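From first to last, the protein sequence lines are chains L and P.
In terms of the numbering used here, the first sequence opens at residue 76 and continues consecutively.
In terms of the numbering used here, the second sequence opens at residue -15 and continues consecutively.
Among these hints, one or two may not hold up.
[What the hints assert, rightly or not] Cβ-Cβ distance ranges computed for the label pairs, FRET-style:
hint: 1; chain 1: P; residue 1: Gly65; chain 2: L; residue 2: Pro103; range: 45 to 51 Å
hint: 2; chain 1: P; residue 1: Ile(-13); chain 2: L; residue 2: Tyr180; range: 22 to 28 Å
hint: 3; chain 1: L; residue 1: Pro189; chain 2: P; residue 2: Met(-15); range: 21 to 27 Å
hint: 4; chain 1: L; residue 1: Arg203; chain 2: P; residue 2: Glu6; range: 20 to 26 Å
hint: 5; chain 1: L; residue 1: Gly182; chain 2: P; residue 2: Ala66; range: 33 to 39 Å
hint: 6; chain 1: L; residue 1: Gly112; chain 2: P; residue 2: Ile(-13); range: 25 to 31 Å
hint: 7; chain 1: P; residue 1: Lys23; chain 2: L; residue 2: Glu150; range: 38 to 44 Å
hint: 8; chain 1: L; residue 1: Ser115; chain 2: P; residue 2: Gly51; range: 17 to 23 Å
hint: 9; chain 1: P; residue 1: Glu96; chain 2: L; residue 2: Ala128; range: 44 to 50 Å
hint: 10; chain 1: L; residue 1: Ile131; chain 2: P; residue 2: Cys68; range: 31 to 37 Å
hint: 11; chain 1: P; residue 1: Thr(-11); chain 2: L; residue 2: Asp175; range: 26 to 32 Å
If you are wondering where the hints come from, they were derived from the structure by calculation, not from laboratory data.
The structure presented is a predicted model; accordingly, all values stated were derived computationally and were not measured.
Where a beta carbon is used, it is the ideal one built from N, C-alpha and C, also for glycine.
Chain by chain, the residues:
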Amino acid sequence: MVEEQEIFEKVKESIVEALGVDEEEVTPTATLFEDLGAESLDLLDIVFRLEKAFGIKIPRGGIQQDIIAAEGMKEDEVLVDGALTALGAQKLRERMPEVDAARIYEGFRVDDIPTLFTVQTFVNIVKRVLEEQPRGH
Amino acid sequence: MRIGTDIVAVSRIKKLLTTHSESTGRIFTRNEIEYCRQKKNTYEHFAARFAAKESVMKAVGKGWLQGLNWTDIEVINLPSGAPCICPHGTLKRLMQQAHISSFLLSLSHCKEYAIAMVIAQ
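Bound conformation, chain L alone:
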């Protein structure tokens, strides 16, 4: 099992290389867009780097799909016209405990979920994928 600190160090390295930011800026709570100045294209760069670093495949939109898949809910229970319902917001807060809960509210647009991403979000994504798809398999 890869330790969380080891994952964090590799995530940090990938983000530093992709965004050209200083190592000190890449803290677990730093947000990719607001704090580190990432654009949507940079997320793809980071994902490709993480896939290479860990030998994994990160599914596109995995977090969003997880919210709907959770507990076998139907899409309209958590989403209405692309925006989170109260239940959807609650599920997303549970799924992304690293994000300030106040930023996730009823009516939040699911397309804007990437703006919530912090460095820790990527650590958690890698951890989850590694658990589901052990390295070397």
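Given the coordinates of chain L, work out where chain P should sit on it, guided by the hints.
Using the frame of chain L, we list chain P on its own:
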């Protein structure tokens, strides 16, 4: 009717595709890659096509949730040269669900940036 728009820095797409050249086929179709590579300003054309794909994602909304892949959205050129969206796979299903029959697409690019505007109708 819904709209979507996106702007892409040409330098960013160039950096992405040169750093991760093995992943080009995860974003662009074989036709798109051939089209862009035969152009003098290769990365301007890649950037415009990427902006078009993002614009379609925005116009459709929640595309990620349904497993929409970048290559489900293909930009092709009509004999007149006008670009248009050719839907594949999951995008076709999403269009049926959202009662979208087609997309209107406009692209523009210069050395630094490429933009796309999409109308789903």
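Evaluation of the provided hints:
Checked against the hint of 45 to 51 Å, the pair P:Gly65 and L:Pro103 passes, with Cβ atoms roughly 49 Å apart. Take P:Ile(-13) and L:Tyr180: their Cβ atoms lie about 25 Å apart, and the range 22 to 28 Å holds. Checked against the hint of 21 to 27 Å, the C-beta distance between L:Pro189 and P:Met(-15) comes to roughly 25 Å, which is consistent with it. Restraint check, L:Arg203 to P:Glu6: a C-beta distance of roughly 24 Å satisfies the suggested window 20 to 26 Å.
Range check, L:Gly182 to P:Ala66: Cβ separation about 38 Å, and the 33 to 39 Å hint holds. Take L:Gly112 and P:Ile(-13): their Cβ atoms lie about 27 Å apart, and the range 25 to 31 Å holds. At roughly 40 Å, the beta carbons of P:Lys23 and L:Glu150 sit within the given window of 38 to 44 Å. Remark: the range hint 17 to 23 Å for L:Ser115 to P:Gly51 is upheld by a beta-carbon distance near 18 Å.
Taken as a hint, the range 44 to 50 Å is violated for the pair P:Glu96 and L:Ala128, whose Cβ atoms sit roughly 30 Å apart. Between L:Ile131 and P:Cys68, the C-beta spacing of about 36 Å keeps the proposed range 31 to 37 Å intact. In this structure, P:Thr(-11) and L:Asp175 meet the distance hint of 26 to 32 Å, their C-beta atoms being roughly 29 Å apart.
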